[in-house]
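Asks: All chains, full assembly: derive it from the sequences and hints.
Number of protein chains: 2
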Amino acid sequence: MKQTWRAGTMLNPVPAVLVSCAAGGRSNLLTVAWAGTICSDPAMLSISVRPERFSHALIKDSMEFTVNLTTAAMARATDWCGVRSGRDGDKWHGSGLTPAPGVGVSCPCVDESPVCIECRVRQIVPLGTHDMFLGEVVDVLADDRCIDPATGKLDLAAAGLITYCHGAYYALGEYLGHFGFSVRKK
Amino acid sequence: MKQTWRAGTMLNPVPAVLVSCAAGGRSNLLTVAWAGTICSDPAMLSISVRPERFSHALIKDSMEFTVNLTTAAMARATDWCGVRSGRDGDKWHGSGLTPAPGVGVSCPCVDESPVCIECRVRQIVPLGTHDMFLGEVVDVLADDRCIDPATGKLDLAAAGLITYCHGAYYALGEYLGHFGFSVRKK
Chain A
1 MKQTWRAGTM LNPVPAVLVS CAAGGRSNLL TVAWAGTICS DPAMLSISVR
51 PERFSHALIK DSMEFTVNLT TAAMARATDW CGVRSGRDGD KWHGSGLTPA
101 PGVGVSCPCV DESPVCIECR VRQIVPLGTH DMFLGEVVDV LADDRCIDPA
151 TGKLDLAAAG LITYCHGAYY ALGEYLGHFG FSVRKK
Chain H
1001 MKQTWRAGTM LNPVPAVLVS CAAGGRSNLL TVAWAGTICS DPAMLSISVR
1051 PERFSHALIK DSMEFTVNLT TAAMARATDW CGVRSGRDGD KWHGSGLTPA
1101 PGVGVSCPCV DESPVCIECR VRQIVPLGTH DMFLGEVVDV LADDRCIDPA
1151 TGKLDLAAAG LITYCHGAYY ALGEYLGHFG FSVRKK
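Heads up: the protein sequence lines correspond to chains A and H, in order.
Sequential numbering from 1 applies to the first sequence in our numbering.
Sequential numbering from 1001 applies to the second sequence in our numbering.
Everything labelled a hint here was simulated from the structure, so no lab data went into it.
Keep in mind that a hint or two might mislead.
[Claimed, not checked] Heads up, incomplete: computed chain A residues facing chain H, CB under 7 Å, no partners named:
no.	residue
1	Met1
2	Leu11
3	Ser40
4	Leu141
5	Asp143
6	Asp144
Note that this is a predicted model, so its numbers are computed, not measured.
Every residue gets a Cβ at the ideal spot worked out from N, C-alpha and C, and that includes glycine.
Replies: So this is what it looks like as structure tokens:
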């Protein structure tokens, strides 16, 4: 039996990523759970940010941002960047995360992150509490430690990525199968 | 050290949800990983669907859909609904999933799903391979089995939700902390 509840943001689990951005000589980090892939080709993702957040103006000014995937080792810093504001101090310093130079965008990426997705803003859609930034992926920075030296392929399973579910962070758990496993011949 | 790769859809992990929809007497199920929360108030989420998918026309005609969260017990059916097309037969029957009546929308929801999020389409944004449907949440159906009878609160940790990472399905693993744990006094 199902109970009917009022509308709420109940999509779970969702990503918990660190968004880095910069404009006018200031750079910041913002933790975002309201993020998703929105198109395969061109590769695009969206992040939603409250207009009152310090990072909102930086992204709007520069029209660039980087989505940095997060790991269990980065969970505390990820949470901290979601609670604190860049208005009150340098969040790179406060979180202990290391800025590394961007490649296809001018804002820094997070050196500790296994995968950094550099994006250019194509559209901003105001929705209510949040503005949605539609980002086109410019390029992807993949850490050597996550690349199998034998195959050159990305091994994200080894990276220890985290996810966000109903207000809490979790590691990934049991492997259940690859896409298409239900129709694959044994 | 980081390698620079060409643009790709590298946001991970992402949701793996079953989208149910109906129009003109036909109902269908579609597995979507390109989904995300986009606004807190009004509560909104987006799903991205290729125009050539059978469900695309059903959602566009009815301007309604339901996002059904998926569990480890539903992993095989979830994968199957992502591989097969509703053009080739009834996916409810083929997947073994059970349609239950919608409450705030006319399309059915998935009875096996712990949480079903009923949505009305507010905007369709064509992006390339995918059209993004911006859905406003109408209401949320929560299964009795996921509600703590003592508190009336949703216990999603017990639901066994799954996530999708780099082409594979995973259960949620180790609990790493609640939002704000990095600044909470001990």
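Asks: Indicate, hint by hint, whether the structure satisfies it.
Replies: Structure-based check of each hint:
Given hint, Met1/A at the interface with chain H, holds; its Cβ is 5 Å from that chain's nearest Cβ, closer than 7 Å. About 5 Å separates the beta-carbon of Leu11/A from the nearest beta-carbon of chain H, less than 7 Å, and the hint is met. Restraint check, Ser40/A versus chain H: the minimum CB separation of about 5 Å is within 7 Å; hint holds. For the restraint placing Leu141/A at the interface with chain H, the shortest Cβ-Cβ distance is roughly 4 Å, inside the 7 Å limit, so the hint holds.
Taking 7 Å as the C-beta cut-off, the interface hint given for Asp143/A holds, the closest approach to chain H being about 5 Å. A hinted interface residue such as Asp144/A counts as satisfied when its beta carbon comes closer than 7 Å to some beta carbon of chain H; here the least separation is about 5 Å, so the hint holds.
Checked against the numbered hints above, the structure breaks none of them.
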